[in-house]
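Participant: All chains should be modelled from the sequences, with the hints used to inform the complete structure.
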Amino acid sequence: MTDTPIRVLIAKPGLDGHDRGAKVLARGLRDEGFEVIYTGLRQTPEMIADAAEQEDVDVVGLSILSGAHMALLPRTVQLLRERGMDDVLVAAGGIIPDADIAKLKDAGVAEIFGPGTSIGHIASYFREHARREA
Amino acid sequence: MNAVDELASGERRPLARLLTRIESGDPELRALLPELFAAGRGGHVVGITGPPGSGKSTLVNALTGEWRRRGRRVGILAVDPSSPYTRGAILGDRIRMMEHAADRDVFMRSMASRGELGGLAATTWIAAAALDAAGYDPVVIETVGAGQSEVEIARLAETTVVVEVPEMGDEVQAIKAGLLEVADIIAVNKGDRPGADRAARQLRAMLSTAGGRIERAPPPVLVTTATTDEGVATLADAIDAHRTAARSPIEARERAASQVRRALADLAARRATAAPAWDETLRAVADRELDPLTAAERLLDGW
Ligand code: B12
Ligand SMILES: Nc1nc2c(ncn2[C@@H]2O[C@H](COP(=O)(O)OP(=O)(O)OP(=O)(O)O)[C@@H](O)[C@H]2O)c(=O)[nH]1
Ligand SMILES: [Mg+2]
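Sequences listed follow chains A and B, in order.
Residues 1 to 134, numbered by the working numbering, are exactly what the first sequence covers, in order.
Residues 1001 to 1303, numbered by the working numbering, are exactly what the second sequence covers, in order.
Rather than coming from a laboratory, the hints here were simulated on the basis of the structure.
All residues carry an ideal CB built from backbone N, CA and C; glycine is no exception.
There's no promise every hint is true.
To be verified - A few chain A residues that face chain B, going by a derived Cβ cut-off under 8 Å, partial list only:
no., residue
1, A26
2, G40
3, G84
Facilitator: Below you can see the structure in the form of structure tokens.
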């Protein structure tokens, strides 16, 4: 069953309308063979966690350029864990200052990808770290 | 407790996990299939199909709001196409349905077609049975944006809604086959655009004279605007009303025949390709020593 495509949810928590990166990522990952569920703009952590639970994705990818990442990303991770999604890989990208990265990792965000990251690099990271069905 | 028993709790997580196993073709589930079907609670299986971009997802979202107001628990499967080259997919139907994401009585799952033609994934019928066993009613299935040949949904759904747009009016006379033929209800969506009523009239006129399902009344043609809920309650009424007709012995039997025929074809193909004589048979057909029908007969008889 490991040959079934990896399922990724791409979500934009918070209120910013910067969706170019999320869309580039969604298309790029599709071209890399992933199944990408894109939930669109302006999602609350609750909506994202609920969607991830129903979709039973292997990866939750959060794109955020608004500066509100310290409020929204740990909360999303917490809600995912509360729903029993302990093994889902949570990754983030967008505009996130280096100073915040360690704190976000402590909160359960596995990795953070800033501007200019190649899709190929992100795809390899997901392939390596995504939870897969046994 | 096995995976089917767990569905009775109505919780989302066991259902979501089971759907993943169904999609990936987990061989252990084969043995659970009879139990899964026996656990069905008779939820109304409703198909939503129609051309790309006609508003299927937006309409499912609006219908879900209406059904929730009526106290129903709504299960949704939305299928989008996989790329034949990379096997990847963008599953975008959920964007239009996020307002229901946190509603505990709505379960929505995106599925990639994973190489299957016909508008559904090969496992969508099993996924629908899982939603039914989990107590969702209706179980709504949105197909891939369909052309004229993606009519697999009619096999599975008790009620098939074909979603068209006003602009189709100009082509009504040309569209006689395919999608419209499997429609139990037609929604001319984007009713806020010019020509919707005219398109609906043309469709009605065409369907009342078209041959085909002679013994059946022509499907109702309704105008909807999914973005404003206009006409959506009427559409929900029409879908609910069709449930009784869909469950008449004749209709139920016809659907069963279609489903078993499909399963039979799949099974025969799977067994034949696994048969030891498969390679040799292919060679013989390729070298024109054997015609395809005789080849198939031999493969079947060889089991
Ligand atoms: C284009 C842009 C806009 C466009 C957005 C168009 C759109 N639909 O996306 C417009 C003009 C609308 C816009 C508006 C605004 N913007 Co602006 N915008 C930018 C800009 C110049 C580029 C962003 C972009 O599209 N990059 C291209 C994409 C492909 O890259 P990306 O998003 O970074 O994504 C890559 C990686 O980050 C990563 N990635 C991203 N997400 C994810 C997720 C996962 C899971 C993974 C693995 C990887 C990943 O992968 C991608 C590929 O490498 C940035 C500056 C910058 N250099 O980033 C400012 C910037 C983001 N904007 C900013 C601001 C302040 C605004 C406004 C508030 C300005 C204003 N005062 O009006 C408004 C707000 C609009 C709104 N509604 O939210 C600030 C944000 C500051 C902050 N966070 O503290 C920035 C950083 C500019 C700055 N230096 O001040 N903006
Ligand atoms: N004006 C108008 N636009 C609508 C209506 N319903 C849907 N739309 C818009 O039509 C576009 C496509 O809607 P979707 O619901 O994604 O269509 P779809 O049929 O699900 O599309 P696919 O799944 O990609 O085939 C979106 O921009 C919707 O906002 C409507 O009643 N009126
Ligand atoms: Mg859709």
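Participant: For each hint, tell me whether it holds in the structure or not.
Facilitator: Hint check:
no.	hint	verdict
1	A26	holds, 6 Å
2	G40	holds, 4 Å
3	G84	holds, 5 Å
Consistency with the previously given hints is maintained throughout, with no hint failing.
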